[in-house]
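Chemist: This is what each chain is made of:
Number of protein chains: 2
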Amino acid sequence: MRPWKTRSRSTILNHGPYLTVENHTVELPDGRVISEWPWVITPDYVNVVAVTERDEFLCFRQVKYGVEGASLVPVGGYIEPDEEPLDAAKRELLEETGYEAPDWIDLGSYRVCRNRGFAMAQFYLAREARSVTEPDADDLEEQELLRLSRSGVEAALEAAEFKVLPWATVVALALHHTRERGPDASKE
Amino acid sequence: MRPWKTRSRSTILNHGPYLTVENHTVELPDGRVISEWPWVITPDYVNVVAVTERDEFLCFRQVKYGVEGASLVPVGGYIEPDEEPLDAAKRELLEETGYEAPDWIDLGSYRVCRNRGFAMAQFYLAREARSVTEPDADDLEEQELLRLSRSGVEAALEAAEFKVLPWATVVALALHHTRERGPDASKE
Chain A
66 MRPWKTRSRS TILNHGPYLT VENHTVELPD GRVISEWPWV ITPDYVNVVA VTERDEFLCF
126 RQVKYGVEGA SLVPVGGYIE PDEEPLDAAK RELLEETGYE APDWIDLGSY RVCRNRGFAM
186 AQFYLAREAR SVTEPDADDL EEQELLRLSR SGVEAALEAA EFKVLPWATV VALALHHTRE
246 RGPDASKE
Chain S
66 MRPWKTRSRS TILNHGPYLT VENHTVELPD GRVISEWPWV ITPDYVNVVA VTERDEFLCF
126 RQVKYGVEGA SLVPVGGYIE PDEEPLDAAK RELLEETGYE APDWIDLGSY RVCRNRGFAM
186 AQFYLAREAR SVTEPDADDL EEQELLRLSR SGVEAALEAA EFKVLPWATV VALALHHTRE
246 RGPDASKE
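From first to last, the protein sequence lines stand for chains A and S.
So the first sequence is residues 66 to 253, counted in the numbering used here.
So the second sequence is residues 66 to 253, counted in the numbering used here.
Isolated chain A (complex conformation):
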């Protein structure tokens, strides 16, 4: 399958570090050209499901501007300029929870929007996490650190209590990665 090509791009809104909007002129594989294709740029980010040595899942209960009511929230934040995604994940885990982990699993990197771009989201599972210091979060939001059991996280996911898309994604991917296989799994 042939990719779409970007013929030209121009900035139509520069709103500082958190939002830029461009117009792209795009050429389709069959030769058609679409002008004024909007392309949205916001910072790339990481989310981390951190599981402690005691099999507790670390997360927060928090309010966010884009979300109705409080939500369960995994560790996460924007990747700094020139920062590697895994370094951002380790930094956010330490800042937000005071935990470090020796075992990191890459759960993949995903484009947020198929058409408009938005950002890349990179997800991790951190295992055997242990507390090494006090949290040092500078978020604007009030928050409360929780330690949930696996079955508690499963129930919360099923009830859509992780209310923001990447949070549900990283939790579902982490549960899938660490699931107990059924008795027939070895046959697949």
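These are calculated hints, taken from the structure and not from any lab test.
It cannot be assumed that every hint is accurate.
[Claimed, not checked] Footprint (simulated), chain S over chain A, 3 or more residues, beta carbon under 8 Å: (1) 69–79; (2) 82–88; (3) 124–131; (4) 180–192; (5) 236–243.
[What the hints assert, rightly or not] Taking lysine to aspartate or glutamate pairs in the DMTMM-like style, the calculated list, with each CA pair at most 25 Å apart, reads: (6) S:LYS70 - S:ASP95; (7) S:LYS70 - A:GLU226; (8) A:LYS70 - S:GLU226; (9) S:LYS155 - S:GLU118; (10) A:LYS70 - A:GLU92; (11) A:LYS70 - S:GLU209; (12) S:LYS155 - A:GLU223; (13) S:LYS155 - S:GLU165; (14) S:LYS70 - A:GLU207; (15) A:LYS155 - A:ASP95; (16) S:LYS70 - S:GLU87; (17) A:LYS70 - A:ASP109; (18) A:LYS155 - A:GLU121; (19) A:LYS70 - S:GLU133; (20) S:LYS155 - S:GLU87; (21) S:LYS155 - S:ASP109; (22) S:LYS70 - A:GLU87; (23) S:LYS155 - S:GLU193; (24) A:LYS155 - A:GLU193; (25) A:LYS70 - A:GLU87; (26) S:LYS155 - S:ASP95; (27) S:LYS155 - S:ASP168; (28) A:LYS70 - S:GLU207; (29) A:LYS155 - A:ASP171; (30) S:LYS70 - A:GLU209; (31) A:LYS70 - A:ASP95; (32) A:LYS155 - S:GLU223; (33) S:LYS155 - S:GLU145; (34) S:LYS155 - S:ASP171; (35) A:LYS155 - A:ASP120.
C-beta: ideal position from N, C-alpha, C; glycine also.
Starting from the structure of chain A, add chain S where the hints point.
Modeler: Using the frame of chain A, we list chain S on its own:
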């Protein structure tokens, strides 16, 4: 926990049906006020994991402008104005695949971005899907309909071959919903 309040809002970019950008003046619970908080509006959408009577998972291989290389893609699309999300899901399934399904499971509704908004994504699992007509897709993209086994979908998810965030989410949620429980699951 107390919500943030929107004191005022003004449109700073109107790019037609697919993108509007607003500036919000936001009041935090502690009284601080943030002006020029960017808020991005794109159409709400649905994604559907459709499983046939023969336990085949319907999806496509497709290129999208925002994605590097071809991706696996579940059924989905924008919700029309005044359309219910479930109706949009049924419409997209029929248009894109020619299938209908008698059994629909709501997998939740999610804000795409905690801070900027972007859209709401609504996910479904459609079971016992069967072919009733020819597909009638009007997408700009070339695409190929695939029927994958459950283990094939699991392997593709683990390899991050669903390359866009909501696609990985709906697949992970559907696999979680339909998973085989391990021998100890009843104890949880």
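Chemist: Which numbered hints turn out to be false for this structure?
Modeler: 15, 20, 22 and 26
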